[in-house]
Structure formats: structure tokens, C-alpha cells
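Peer 1: In case you want the letters, here they are:
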Amino acid sequence: MTWLTWRQQRAQFLAAAAVLVLAAAYLLVDGVRLRHQIHGLPTDCGINACFDLERVISSKRNAYLAAGALVLLAPALIGAFWGAPLIARELETGTHRTVWNQSVPRGRWLAAKLLLTTAAAVLVTGLLSLLVTWYAAPFDRFDRDRFQPLLFDLRGLVPLGYAAFAVALGTCTGLFLRRTLAAMAVTLAVFTAVQVLVPLAVRPHLQQPVHELAALDKGPGRLGSFAGFETPSGHLGPDARMLATFDVPDGWVLSDRTPLPVRDATGRVLTLASQPCPRSDEHPPDSACLAEADLYVAVDYQPADRYWTFQLAETGLYLALAAALAALTSWRLRRLG
Amino acid sequence: MTAIVEARALHKRYGRRPALTDCTLSVPAGSVVGLVGPNGAGKSTLLQLACGLLTPTSGTIEVFGAPPGQLARVGFVAQDTPLYPALTVADHLRLGARLNPRWDAALAERRVRQAGLDPAQKTGRLSGGQRAQLALALAVAKRPELLLLDEPVAALDPLARRAFLQGLMEFVAEAEPQATVLLSSHLLSDLERVCDHLVVLADSRVRAQGGIDDLLATHFRLTTARRDADTLPAALHVLRAEHTERQSTFTVRAEAHLDDPSWVMEPLGLEDLVLHHMSAPSAPSAPADPRPVPEPQR
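Just so you know, the protein sequences line up as chains A and B, in that order. Per UniProt numbering, residue 1 is the first one in the first sequence, and the count goes up by one each step. Per UniProt numbering, residue 1 is the first one in the second sequence, and the count goes up by one each step.
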């Protein structure tokens, strides 16, 4: 059975291997070159303090984006081109009537096909992810944004889960629709929808976010600064609220409204009238004073040290979805007819 | 007598459309049974129920005394002989060898060689006749005790048809253990050369079944001066009556030839017999021959 699956899919597997080898050759050479270029440059820099590093990073930005796109697209394409035809093509061409009448029961036939294809998909996507995670490491140290929704999808373990899920989704869709082309389209649509929905609605709740009244520009691992006043009418009235930007480097800020309203130590929202620094009708509050004042924002975020917990949890979630789809496929296949 | 396939009150519907209605039949061991009927009569459905590709809507079908699914003992050649177009002839034999424990590689290779197939050829490039030969090789090399063939020659030209049926007969003659064959066609001429039993299907129902010799020995055409059907002796079961002004023609079923100076009773040809059963009105499900099917004589 393994032999037959390999014989049927080998052209696709070899094509994927070729893409992988090309990508690996480019990214390995370029990644080593990048590391040489930034070797010895200061990495822990404040604002405008590492211009050289930024220049080198910027010059490689296109390759970085292309590598990311590869990891983003791989599971979707694998789901559509490997998963969807897995059963649908057999049903479409009638070959299932030949292969299901050999001495191997349908369940074992499915298991061999699905396991081998999933293994290949996970292997290809895993190697690609490993490669891109390594290549992007200098970017991640510079940007400090790998926990952000889109980038989170392109690193580490999660692409493996996506690949397994995409194959199972494609296979199951193909079995129910019995049409290769329709199954490919539906697989792409559903996979994309899930990939959009999970970061928006599921991932933030994988672990209870930290809720904190965080001091601006105080405490390690935070970047917050006073941003201005909210002037809804275009007029700077006494009830205009103070706003601040806030970020957690390598973490994930969930508070959906940025900039955030600035609060005092008790959590009260500050306005132009209630802020602590001297001002006059002509002049805004003194910025040197504001920089010294105790200002806070109320923020929900996932701290940086939860990154791998989230990677594991989301990978597990997708693997569980894949297993559920595989079970549904197997159940349906045995009752077909 | 052991029945290899035994169907009781078998029904299969696709949605609301009946594909097989109240089918009760029995396939004796060692027989070669022809399923004949027009397209859409339920032949494919019956064969796919027997190999387990389909499950009945109601009723039961048993193969070797158990529900279908003993894959290693049943060979199936599906309609249009679906094969993997991108795989070569040799790949298909390898597929058979890997997927069947009782695979007879020598038999498969001999059949492929006899059919003149190039092992390196992709099956997508084979002619219909060559594909059918390969499908047959694949089905017989697993050494099935029951071989099911769904319209195997429908798409073939007369020469390929002859070669295919020849190959089938060779399998039946050589099969060890003894094989039972069930094959369908919408043409009687494909079947009468190879079959010893016949099942006539029309409009999803079994219209007649039995040994061919037996069917021939019990169906007659009776020509008399004009008379009513009910004036005939009770031993003659009238299937159909046609009257002209001076003459009556009856199609009858009878245990034996019945001599009488007032009529001419002649055996009904197989073709007429089948056509009669196929075209009979569908309402009364023609009572399948109530007597047990005799052992095949081969």
C-alpha cells in the first residue's frame, strides 16, 4: 500500500523536494552572508543607535518576505494539491473500484495514503519552517515581533500543524465533494478562513492574557510613550483624553485600541484637565514633565516567554483538528455506497 | 448445493430512484452466470452489492455465506475497467502483487504476455481491449473464488470481445480452486457462449433466472388455431398470448414438451426467451423459477 501511494504521489513529492532544495540553497547562503555582515554590530540599541544594523537588515527585507511567503503558502498548496485529490481523483476516475477490490480493506488503504502524504507534508513544511526560522532570526532579534499574528504562523512548530491539518482537510473535502477541482477550491477557501479566524478568535485565548496597569517607559521589556491627546472635535478641550502607544517586545499586545488611554496610578483615565503637568491655554503640557510623571496604561498582552507555549498549544490544536478530520474521513469512507 | 452468492429481498435505491427491487437470487458454486438486461436494469448495482462497493438499502446479500467484504476471495472487474492512467502495465502487476496475498505472478505475467501488452506501456495509452485484458489479468491473478465482471466487453470491438471472453473461459477452465463467475452484459450474444446460467434483469427487477439448458427446456412457443389462453391445459403456464384472425401464438412455460395434434409446440430460442422476459410488463415481479437451480453441468 505504501508502495502504491509512493508510486502515485512521487512526482509531487519530488517537485516539493526540488522547491525545498532550491529554497534551502538560497536561504542558507544568504543567511550565512547576512550573519557575516551583522557580525560585531551593536544589537541592543535604543532609538537611532544602530543605523548600520538597520541598513543591513533592510537590504535583505525582500528575501525575508519571500521566505515568509513560502512558509505561509506551503500548507495551503499542499492541502489543495496533495490532500484534495487524494480520494477525489480516485472517485472521479473510478479507480477506487479497482483498488478497493484488491485484498486490502478501505480503512488500511486510506490509512496508508493519508499517513504517507501527511508525513511528507509535515516533513517538507517542517524543513521549510526550520530554514526560515533560522534565516529570520536576525530579523526577529531586530524587529522583536515574532509573536505578532502573521509572523507567528511562519516560524517554529505551527507550520507542521497547519500542513497536517491542510492534508486532512483536503482529503475529507475530496471525499465528500467527489470532485477534485471543487475540493481544491473549497480546501483553499476553508483553510484560509481557519488561518484568519484562529489568530483573531482562538489564539488570544489559548492562555489567559496578562492584564496589567503598566507604567509608561518604566520596567524592563516594555516600550510605551505618551503619544498625544484625543481631539474628536478637532478642538483641544479640557476633556480631551491623553493617549499613549505601548508595545511588549517579542510579546503580543491584545488590547485592540492603540494608542491606549493614559491612566494615573489608580487606573483613572487622564484628560487634559486632570493630567499632572503644568500647562496654559496656549501651551500643551510640558513634555519634560510628562516624561517624568507616573503615567500608566491598562493593557492585555501575552508575554514573550509564552511564545513556545503558544507554538506548542496551537500545533496541538491543529493536529487535533487533523485527527478529527481523518476520523471523519475514515468513518465516511467505510459507509460509502 | 452451495450458493456462492445468495440475495434475499435485496433492494437498493439511489435517493428515490430504485436501482434494484426485491431481488432474490442464488448463484450456485462453479457456475458461470450471465446477468443480462438493458442499460440501467440494475446489473452494475447487483455486482457492486456483491463485491461490497455498495451496501443494500434493505434485504440481504451474502457471499460465501457472509456479508460481502472477503476481498481476497473475490475478483472484480469494474465497468469501463478503471486503471491508473499514469501507471505502467508492470506497475499494475506490482500493485496486484503488493495488495493481494494469494497473488499468482506467473499467471499475471503469462496473461499480459498473451494479450500482447508491453509492460513498460502506461495504461493511459492502451486501447479499450488491452485495458480490459489487463483488468482481467489483475482480477484473476489474485486467484479469486468468485469473479465479478461488470460489462467487461461493452466498449470493445468484436475481435477484442472474442479475445477477452476467450481469456475468461481459460481462467474458468484452469481455476484452482474452482471459480464461480458472474458477468453482466446488455447483449445476450456476449453471454451465451460462456455462461451456463442466466439472470434476466429489467427495470430494477429480476425477471427470470436459471440454468440456460433448464430455461430452454421449459420455454416453448405454441402455435394453434385461434383459441383462448384459458382453454389450454393447466400444465402450460401462459406467459404471453398473441392472436391473429385465425391463429393464436402463445409463449408458455411448461415442465416438458406436451404433444397434442391441435398445436405445434416448439422450443423458444434463448434470444426470444430473454427478450420476452425483458419486455414483459413490469408490474408482476415475474416469479423466479421456484424450483431449486440444478447443479451446473460442465
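Hints listed in this document are in silico derivations from the structure and should not be mistaken for laboratory results. All C-beta atoms in this analysis are idealised placements derived from N, C-alpha and C, irrespective of residue type, glycine included. Please note that a few of the clues may not be correct.
To be verified - Pulled from the structure, derived: some chain B residues nowhere near chain A, Cβ distances all over 10 Å:
no.: 1; residue: A66
no.: 2; residue: P67
no.: 3; residue: R102
no.: 4; residue: A105
no.: 5; residue: R113
no.: 6; residue: S189
no.: 7; residue: A229
What the hints assert, rightly or not - Computed footprint of chain B on chain A; a stretch qualifies when at least three of its residues, placed anywhere within it, have a C-beta under 8 Å from a C-beta of chain B:
no.: 8; stretch: 2-10
no.: 9; stretch: 138-144
no.: 10; stretch: 196-206
Peer 1: Hint by hint, say whether it matches the structure.
Peer 2: We went through each hint and held it up to the structure:
| no. | hint | result |
| --- | --- | --- |
| 1 | A66 | holds, 14 Å |
| 2 | P67 | holds, 13 Å |
| 3 | R102 | violated, 8 Å |
| 4 | A105 | holds, 14 Å |
| 5 | R113 | holds, 21 Å |
| 6 | S189 | holds, 26 Å |
| 7 | A229 | holds, 44 Å |
| 8 | 2-10 | holds (count 4) |
| 9 | 138-144 | violated (count 0) |
| 10 | 196-206 | violated (count 0) |
Figure legend: structure checked against the earlier numbered hints; hints not met, in rising order: 3, 9, 10.
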